[in-house]
Amino acid sequence: MSDADAIVVGGGLAGVAAAIAVAKAGLKTIHLAPSGPPDRRTSALMMPSVDYLRGAGLIDDPAALGHALTQIRIIDATGRLIRAPETLFDASEAGMEAFGWNFANVRLMERFHAAAATLGNLETRNVGVTELSGNTVTLADGTRLSAPLIVGADGKKSLVRAAAGLHARETAFAQAALVCDLDLGRPIGGTSIEFHYPKGPFTLVPAGGNRANLVWIDDRAVLEAAKGGGEAALLATFMDKSQRLFGAITLASPAFVFPLSTLSVDRAGADGVVLVGEAAHAFPPIGAQGLNLGLRDVADLAASLAAANRSAPDWAIAVSRDYAIRRVGDLGRTGGMVDTLFRSLLADMLPAQALRAGGLWALKLAPALRKQAFAVGMGTRA
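The sequence shown begins at 1 in this note's numbering and counts up by one.
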């Protein structure tokens, strides 16, 4: 006899959102979410994701939690022979007040947990999983639980994915990402500013007032050396990288360096197991796709559950099959877009430089093409 209708493994934002969606579909749900250190990062969520969160009751007014992203400014700082023009994308061109909102992950998690606490058919346990066999999980305390549907939201090193035999391809990059919060001498308003350098972008994302979230991508050795050189040297580097456009810069949080890789799966579900979030996909922080794509996973899982005939004995297998079909197009398009964009930023060959520069010129000069690019970047689906 099963202990629940569904077991969700993983306590990150995608995991909590998935557990809530499964429970709201009417399933008795056990969420296995071992506690970890607070996630001090931020997530830039595009409007389709914000609309999903509001519709799912996970947030109310985004202005109470985050900061609007109204413009995206791209500055080619590569110094290459063929350079792209400086380009400004404005949400008003697409008839929108904002492309999206930048949220602190800690604040989102607080709201998600508050929503989860209102669901009587959702039980959350602060314990991890050590084994998955069929539809039975073994917990770190030795307890065994079973359910027809298993949802793996347990990250890039997903135990659920490996145990279910869902093949993943991962490519590691020499580049890493340095992230921290900065206080600027001059505010950037609602504009996310990307300085494109030969080894990756140096991006400032609005965080309210004079604060910005920094994501700097470069060779890992370069980032580690910059971080290890002391605060004064690090701030001097930030001044140079931002072309001294924002006055004095001070650190508002410690800097952390994260390795970068891409991960994709052949199928996002099979045999009663589905994968959401970084268990199914992971990308460098280019194009703001990480949590946005994870929330689209959750939305499609909810749609698969809504369409399921749960009176059938193999309903969970049917859900996993339907979910995999729903996700294949979005995962392929988004993965291809982010990989192409990231590699184009690093390409030294003249033809690649010309294509990238030409593409940005086209986006700069053609409003219709810009609107199409907005839709792709925000993950809008027909």
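Don't take each hint at face value.
[Unchecked claim] Computed cross-link-like contacts, EDC-like style, restricted to lysine to aspartate or glutamate with a CA-CA straight-line distance of at most 16 Å: (1) 157 - 141; (2) 199 - 231; (3) 199 - 224; (4) 28 - 3; (5) 199 - 181; (6) 241 - 194; (7) 227 - 181; (8) 156 - 170; (9) 24 - 123; (10) 157 - 131; (11) 28 - 123; (12) 241 - 219; (13) 156 - 266.
Everything labelled a hint here was simulated from the structure, so no lab data went into it. None of these values were measured; they are calculated from a predicted model.
Hint check:
no. : hint      : verdict
1   : 157 - 141 : violated (21 Å)
2   : 199 - 231 : violated (22 Å)
3   : 199 - 224 : holds (14 Å)
4   : 28 - 3    : holds (9 Å)
5   : 199 - 181 : violated (21 Å)
6   : 241 - 194 : holds (10 Å)
7   : 227 - 181 : holds (14 Å)
8   : 156 - 170 : holds (9 Å)
9   : 24 - 123  : holds (13 Å)
10  : 157 - 131 : holds (13 Å)
11  : 28 - 123  : holds (8 Å)
12  : 241 - 219 : holds (15 Å)
13  : 156 - 266 : holds (14 Å)
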